[in-house]
Amino acid sequence: QKEVEQDPGPLSVPEGAIVSLNCTYSNSAFQYFMWYRQYSRKGPELLMYTYSSGNKEDGRFTAQVDKSSKYISLFIRDSQPSDSATYLCACDSWGKLQFGAGTQVVVTP
Amino acid sequence: EAQVTQNPRYLITVTGKKLTVTCSQNMNHEYMSWYRQDPGLGLRQIYYSMNVEVTDKGDVPEGYKVSRKEKRNFPLILESPSPNQTSLYFCASFPRTPDNEQFFGPGTRLTVL
Chain A
1 QKEVEQDPGP
11 LSVPEGAIVS
21 LNCTYSNSAF
31 QYFMWYRQYS
41 RKGPELLMYT
51 YSSGNKEDGR
61 FTAQVDKSSK
71 YISLFIRDSQ
81 PSDSATYLCA
91 CDSWGKLQFG
101 AGTQVVVTP
Chain B
110 EAQVTQNPRY
120 LITVTGKKLT
130 VTCSQNMNHE
140 YMSWYRQDPG
150 LGLRQIYYSM
160 NVEVTDKGDV
170 PEGYKVSRKE
180 KRNFPLILES
190 PSPNQTSLYF
200 CASFPRTPDN
210 EQFFGPGTRL
220 TVL
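So the sequences go chain by chain: A and B. Counting from 1, position 9 in the first sequence corresponds to residue 9 in the numbering used here; the numbering is continuous, with no gaps. Heads up, the numbering used here is the position in the second sequence plus 109, with the first residue counted as 1.
Just chain A, same shape as in the assembly (with noise of 0.2 Å):
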């Protein structure tokens, strides 16, 4: 078993809607949490990043960390369909990341 889950999609949704996007990880060790957006044929890019249980918001973007649920989550408002992309979750502990497998996300127009 992974110990980093996501679910791989692809998950569809209209413009302006809100994209709800989940991780589910096992390994306590994990320090840090990470959302990556990777567009086709290029690397991945940095999105967010979180250390702490809670929520962090960067403009459209949200990041949740629920520690005791080792839940980690990434919310998008007001989509795009320039946000259609695979988006990925990734796990940290002292340099060794594990990352899901991504969820490919369409907005559509």
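Just so you know, these hints were derived from the structure itself, not from any lab. Check before you lean on any hint, since a few could be wrong.
Simulated restraints on C-beta separations [stated by the list, open to error]:
no.	chain 1	residue 1	chain 2	residue 2	range
1	B	L128	A	G16	45 to 53 Å
2	A	K56	B	L120	35 to 43 Å
3	A	Q104	B	T195	16 to 24 Å
4	A	Q104	B	T129	31 to 39 Å
5	B	K180	A	S69	35 to 43 Å
6	B	T131	A	D58	48 to 56 Å
7	B	V163	A	K2	42 to 50 Å
8	A	S68	B	S191	25 to 33 Å
9	A	D7	B	P215	37 to 45 Å
10	B	P215	A	D58	21 to 29 Å
Just a few of them, taken from the derived set where beta-carbon distance is under 10 Å, the chain B residues facing chain A [what the hints assert, rightly or not]:
no.	residue
11	P117
12	L120
13	P192
14	Q211
This structure is a prediction, so every number in the text was calculated from the model and none was measured. Built from N, CA and C at the ideal position, the CB exists for glycine as well.
Knowing the structure of chain A, use the given hints to seat chain B on it.
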């Protein structure tokens, strides 16, 4: 411009022919790492380095070697490539603690025949 560069971007080779994929960063980051990305398996960490002369295995290190002689460079070496190493490879560079300054390279698509 802050960036991670990888070379080559595309490579087709044959089984057993040693190859090196270079990775270089210009941000003075301590941490560098190599990943491979395969359909259905996502990104898997091969090796990582917390600083010069400090390297450690990730989840899938078999068949790969790395070295970190200088802070800016972290080459990935395949001594005897095999077809199951056909993949998309990414190098990444982070500062000591992950923050907004994280960069992935553009990727190297390797095919081993």
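Now for the hints, and whether the structure bears them out:
About 47 Å separates the C-beta atoms of L128/B and G16/A, a value consistent with the hinted range of 45 to 53 Å. The beta-carbon spacing between K56/A and L120/B, approximately 39 Å, falls within the hinted interval of 35 to 43 Å. In this structure the supplied range 16 to 24 Å holds for Q104/A paired with T195/B, their Cβ-Cβ distance being about 22 Å. At roughly 32 Å, the beta-carbon separation of Q104/A and T129/B lies within the given 31 to 39 Å, and the hint holds.
For K180/B and S69/A, the Cβ-Cβ distance of about 38 Å falls inside the hinted range of 35 to 43 Å, so the restraint holds. For T131/B and D58/A, the Cβ-Cβ distance of about 33 Å falls outside the hinted range of 48 to 56 Å, so the restraint is violated. Look at V163/B against K2/A: about 27 Å separates their beta carbons, and that is not inside 42 to 50 Å. Checked against the hint of 25 to 33 Å, the pair S68/A and S191/B fails, with Cβ atoms roughly 43 Å apart.
Between D7/A and P215/B the C-beta distance comes to about 27 Å, which lies outside the given range of 37 to 45 Å. A C-beta distance of roughly 24 Å is found between P215/B and D58/A, which places it inside the suggested range of 21 to 29 Å. At about 15 Å, the closest approach between the beta carbon of P117/B and any beta carbon in chain A exceeds 10 Å, and the interface hint on this residue is violated. The beta carbon of L120/B is not positioned within 10 Å of any beta carbon in chain A (closest approach about 16 Å), and the interface hint is therefore violated.
A least Cβ separation of about 22 Å between P192/B and chain A goes past the 10 Å threshold, and the interface hint is therefore violated. Hint status for Q211/B: holds, given a least beta-carbon distance of 4 Å to chain A, under 10 Å.
Checked against the numbered hints given earlier, the structure breaks hints 6, 7, 8, 9, 11, 12 and 13 and satisfies all the rest.
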